[in-house]
Each structure stands twice: as structure tokens, then as C-alpha cells.
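Colleague: Now for the letters of each chain:
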Amino acid sequence: ETGVTQSPTHLIKTRGQQVTLRCSSQSGHNTVSWYQQALGQGPQFIFQYYREEENGRGNFPPRFSGLQFPNYSSELNVNALELDDSALYLCASSLQGVVEAFFGQGTRLTVV
Amino acid sequence: AQSVTQPDIHITVSEGASLELRCNYSYGATPYLFWYVQSPGQGLQLLLKYFSGDTLVQGIKGFEAEFKRSQSSFNLRKPSVHWSDAAEYFCAVGARNNAGNMLTFGGGTRLMVKP
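Order-wise, the sequence lines are chains V and U.
In terms of our numbering, the numbers along the first sequence are unbroken and rise by one, the last being 295.
In terms of our numbering, the numbers along the second sequence are unbroken and rise by one, the last being 1113.
Quick caveat, the hints were computed from the structure, so don't treat them as lab data.
Here the structure is a predicted model, which means the values were calculated and not measured.
Glycine included, each C-beta is placed from N, C-alpha and C at the ideal position.
Take the hints with a grain of salt, since some may be wrong.
Under 10 Å between C-beta atoms, here's a sample of chain V residues computed to sit facing chain U [unchecked claim]:
(1) Q189
(2) A275
(3) A284
So, partial list: chain U residues that the calculated Cβ filter (under 8 Å) puts toward chain V [stated by the list, open to error]:
(4) Y1030
(5) Q1040
(6) G1041
(7) L1042
(8) K1047
(9) F1088
(10) N1099
(11) L1101
(12) F1103
(13) G1104
(14) G1106
Beta-carbon label-pair distances, calculated as ranges [as the list claims (entries may be wrong)]:
(15) U:E1013 / V:G223: 22 to 28 Å
(16) U:L1054 / V:Q201: 44 to 50 Å
(17) U:E1064 / V:V295: 43 to 49 Å
(18) V:T192 / U:M1110: 23 to 29 Å
(19) U:R1108 / V:T197: 27 to 33 Å
(20) V:G280 / U:T1003: 24 to 30 Å
(21) U:Q1056 / V:N254: 33 to 39 Å
Start from the sequences and build out the full structure, keeping to the hints where you can.
Modeller: Right under this line is the structure:
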């Protein structure tokens, strides 16, 4: 059974740039969620994708967007990066209708 | 709206001592409750979960948690802490609704273990 994998593990971007983070869900899971974890805080829900459509969104602006592909993998895109976007971005996969989620190792984004 | 409070930001215990990490939640219906552990720079590993039934749940690595509806609490316990337990611990409440399966996390408790 393959777990949740994320890429890249680390990256540094400049304020105003755009970034794409990638996630492969655990085998058999059809739902992907993204979370932002700022330093010293708990993860915060960004959004969730099911059947290639956004299926719920937290309190994040539209410059945070995503995609889900037919193989259930997902991308998180952030436009017009701000310094406060520096965080660990976590991807979690699950089955639709099941609350339990399994997390990847995360992507550490630093905006300078 | 659901919320989770972890009152203790840092806890230090001696190796071999018992441990209790506190978690209080706010949720309108029967909650789905979780404890996750995070080592520095790593993702979240699920320790245990409560959905229904027996209010005392067993997890991995010797951890257990007790759901107390009257106190809106889901405290994590371990009878004897090992140095490898040093990490950050997060309590979370899950909602299953039309918006999908969203988890709301507490701010975390950092556990330090003294030799």
C-alpha cells in the first residue's frame, strides 16, 4: 500500500511569485485535502477535492486554488505569494464520506 | 462551528513518568475525534481515533484517550513515556458534512522528555 506522497519537500519562492505543490493520494483514496501549518500552529484546512471538484473550502483567499486529476492526485496552486504564506503545506487523502485522513510529509514553503 | 483547544503549549515529563495531554472540543453533534503526532519537520501520524462506542480508545505506541462527553474532552494518556515520544501532539475534531471531511486542529502541545 502506497502512502501519501508530496513534492517537493522544500522550496523557496520570492514574494509575488506563483507556486505549485503536488500530492499523490494513498492507494484507493478518492478525496484529497490540503492544510496550511504556520510555524508553531496547528494545521488549518484550505480546501478539499473529490471527483475533480472543490468539495469544501476553509477561510483562504481565491489565490489559493487546486486541481484533482483522474488518478486522484492533486495540486495546490498559490498565486501572488505573500510572506505570510511561508508554512508547511500538508496533503491528506481519505475516502469520501470517511472522516479519517492520512497525511503526507508536507512541503515546506519559504517566501522571501 | 467546531473548535479545539489544547490548553498546554509545552509539557515536560521525565522518562518513565506518566503523561496526560488535554484536549477540549466544541462541536454541535457527536464528534469524530483524533490525536496526531508530528516529529520536527514531518507530517502528521495518526495515534488514535474515536468515532463511537467505547469511550476509552487504544492507539499506537502505547497511547490511549478517553472521550468524556460531559466535559467535551478527549485527553491523551500514556502510562510510561519514552524519550522517543518527544514531539508535537495535535488533537483534532472531524466533521462529515456537505463540505466534505474537514478536520479542525488544536494549536498543539509540545512534549519534551527529560532523561
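Colleague: It remains to establish, for every hint, whether it holds in the given structure.
Modeller: These are the hints, each one checked on the structure:
The interface hint given for V:Q189 holds, since its Cβ lies 8 Å from the closest Cβ of chain U, which is under the 10 Å cut-off. The interface hint given for V:A275 holds, since its Cβ lies 8 Å from the closest Cβ of chain U, which is under the 10 Å cut-off. Given the 10 Å rule on beta carbons, the hint for V:A284 holds: about 6 Å separates it from the nearest Cβ of chain U. Interface hint status for U:Y1030: upheld, as the beta-carbon distance to the closest one in chain V is roughly 4 Å, under 8 Å.
Below 8 Å, beta-carbon pairs count as interface contacts, and U:Q1040 has one with chain V at about 6 Å; its hint therefore holds. Below 8 Å, beta-carbon pairs count as interface contacts, and U:G1041 has one with chain V at about 4 Å; its hint therefore holds. A hinted interface residue such as U:L1042 counts as satisfied when its beta carbon comes closer than 8 Å to some beta carbon of chain V; here the least separation is about 4 Å, so the hint holds. Given hint, U:K1047 at the interface with chain V, holds; its Cβ is 6 Å from that chain's nearest Cβ, closer than 8 Å.
Given the 8 Å rule on beta carbons, the hint for U:F1088 holds: about 5 Å separates it from the nearest Cβ of chain V. This hint holds: U:N1099 has a C-beta 5 Å from the nearest C-beta of chain V, less than the 8 Å allowed. The restraint placing U:L1101 at the interface with chain V holds, with a minimum CB-CB distance near 6 Å, inside the 8 Å limit. Restraint check, U:F1103 versus chain V: the minimum CB separation of about 3 Å is within 8 Å; hint holds.
Hint on U:G1104 holds. Least Cβ distance to chain V is approximately 5 Å, under the 8 Å limit. The beta carbon of U:G1106 comes within 5 Å of a beta carbon in chain V, closer than 8 Å, and the hint placing it at the interface holds. A hinted range of 22 to 28 Å for the beta carbons of U:E1013 and V:G223 is consistent with their spacing of about 25 Å. A hinted range of 44 to 50 Å for the beta carbons of U:L1054 and V:Q201 is consistent with their spacing of about 48 Å.
For the pair U:E1064 and V:V295, the supplied restraint of 43 to 49 Å holds, since their beta-carbon distance comes to about 45 Å. The hinted window of 23 to 29 Å between V:T192 and U:M1110 holds, with their beta carbons roughly 26 Å apart. Range check, U:R1108 to V:T197: about 31 Å between beta-carbon atoms, so the 27 to 33 Å window is met. Judged by the Cβ atoms, the range 24 to 30 Å given for V:G280 and U:T1003 holds: they are separated by roughly 28 Å.
Separated by about 35 Å at the C-beta atoms, U:Q1056 and V:N254 satisfy the suggested range of 33 to 39 Å.
Hint violations for this structure: none, all hints satisfied.
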